[in-house]
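Participant: Sequence:
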Amino acid sequence: MTIDEVQQAMVSGQTVRHTHGGITAEYTISGVISRYSKIRGWYYVLELKDRKADSLSVVNMEEVENERIY
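Mapping of the sequence shown onto this note's numbering: position 11 corresponds to residue 292, and the numbering continues sequentially without gaps.
No lab work stands behind these hints: they were computed from the structure. Note that beta-carbon positions come from the ideal geometry of N, C-alpha and C, so glycine has one too.
Here are the computed distance ranges between Cβ atoms for each label pair: (1) Thr-296 x Gly-322: 27 to 35 Å; (2) Arg-298 x Tyr-325: 12 to 20 Å; (3) Leu-337 x Thr-283: 21 to 29 Å; (4) Gly-322 x Gly-294: 28 to 36 Å; (5) Tyr-325 x Ser-293: 14 to 22 Å; (6) Lys-319 x Gly-294: 30 to 38 Å.
Taking the hints into account, I'd like the entire structure generated from these sequences.
Facilitator: Structure below.
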């Protein structure tokens with residue numbers, strides 16, 4: 282996802298998908314965190330709130346699909 286897609290998804294409350302360990306779950310984006318590393322420089326990660334469970338995940342923006350789930 283790009284930062285513009287993230288902003289649109291946050292404003293609209295859009296459901297996004299993230300797959301980890303072969304399991305895909307539905308999330309809403311609850312925050313954007315900026316991080317710094319010597320290798321990558323500054324980059325963003327997303328804080329995702331699981332729509333079914335009461336949990337948060339922090340993932341790279343590239344690992345999130347911004348397709349609408351109906």
